[in-house]
Amino acid sequence: MKSTKDHEVISFCNKREDSTASTEVLSEVISSIFNSYTTLPVSNLLCSDDDIVFIQSSTVYGQNRIIKGKMLKTSIRSLMSLDEKIFDIELDKNGAVLFTQLSDVAESPIQMLLPSGEMKTVLDPKPMRLLALHLNKDNELICGLREQGSPLPVHEFSVRQVVVFGKDYKKKITIETDINGTKLFRYPSRIRTDSKNNIYVLDRRNTDQTGRIVATDKSGRLKFTYCGPNDFESFMPTSIVITPSDNIVLSVKSQDALLVLSSKGNLIAKQFVHELDITTPSALCIDSEDFY
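Going by my numbering, 266 is the number at position 277 of the sequence shown; the sequence numbering is gapless.
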């Protein structure tokens, strides 16, 4: 992949793509399939070293679990399974899995599953509820938070935040509004950071899972929002990863597509993966060898 020329971009949802950006959009994000596996439905995916993957599985029958597996040539060997109603998962540098739970669970602290199998509570932000979680390169915990009650629709008095906690789990930065006081988030469902600790939030807008990407710098200042290519009737991003060169890769299940944005919010690549016999792309991760 090659990047477009850098531009300063502040884009809003009624201006889906920056008019100053290059009109060249590449049509290839991945060139071929290296391997494929048959698994339970995958809603989230994390990659570790030594071909280890952590799969968050959610089925239409309400079954939810985390599976730790090792990728072999023709199958994934299950090493651990935990049945929990999971909203989001993250992996720390010691191989422990952090997770938050769905809104129908009465309590929603961040739990940590250690490699030994021991479980402990890491953070409980009462009275707020936890949504997405992420660890940046400095091992700071970044979480999406909301008020108690029904998550959607968002009302005038709804509280939707992205909060950065230090290594001691004390609150460092709270991101909630732009410089004009406008709420930045509706339902932060995934969070990622780049090499400069800029923050990228996959923000759901409605119960139909339409969404957008909200990008801020590490201090919480809005960089851009992105609501999908102009030729998409709806935009339902399901997963987000950041490449080593700080490009943003999105999976969009409503169009069976992968998108690549620059760190400025410009669309630089778009691929419809049904051409590779991939349908409903729901989860992405990049392993240590830069395989998706």
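Source of the hints: derived by calculation from the structure; they are not laboratory data.
C-beta: ideal position from N, C-alpha, C; glycine also.
Just so you know, not all the hints are guaranteed correct.
Said to hold, decoys possible - Result set (DMTMM-like, lysine to aspartate or glutamate): computed pairs, CA atoms no more than 20 Å apart in a straight line:
(1) 82 / 183
(2) 74 / 113
(3) 115 / 72
(4) 126 / 38
(5) 161 / 183
Stated by the list, open to error - Have a look at the derived ranges for each label pair, beta carbon to beta carbon:
(6) 23 / 261: 15 to 25 Å
(7) 62 / 171: 20 to 30 Å
(8) 82 / 271: 21 to 31 Å
(9) 13 / 275: 19 to 29 Å
(10) 106 / 21: 17 to 27 Å
(11) 23 / 172: 37 to 47 Å
Going through the hints against the structure:
1. Of the pairs offered as hints, the one joining residue 82 and residue 183 holds, with about 17 Å between alpha carbons and a cut-off of 20 Å not exceeded.
2. Distance restraint check for residue 74 and residue 113: the Cα-Cα separation of roughly 17 Å lies within the 20 Å cut-off, and the hinted pair is therefore satisfied.
3. In summary, the hint linking residue 115 to residue 72 is not supported, as the alpha carbons are separated by about 24 Å, beyond the 20 Å threshold.
4. Note on residue 126 and residue 38: the hinted pairing holds, with a Cα-Cα distance of about 16 Å set against a maximum of 20 Å.
5. Distance check on the hinted pair: residue 161 and residue 183 sit about 18 Å apart at the alpha-carbon level, within 20 Å; holds.
6. Taking 15 to 25 Å as the suggested C-beta distance range, the pair residue 23 and residue 261 conforms, at roughly 19 Å.
7. Between residue 62 and residue 171 the CB atoms are about 51 Å apart, so this pair departs from the stated range of 20 to 30 Å.
8. Checking the proposed 21 to 31 Å range against residue 82 and residue 271 shows it holds: the Cβ atoms sit about 26 Å from each other.
9. In this structure the supplied range 19 to 29 Å holds for residue 13 paired with residue 275, their Cβ-Cβ distance being about 24 Å.
10. In this structure, residue 106 and residue 21 break the distance hint of 17 to 27 Å, their C-beta atoms being roughly 38 Å apart.
11. Checked against the hint of 37 to 47 Å, the C-beta distance between residue 23 and residue 172 comes to roughly 42 Å, which is consistent with it.
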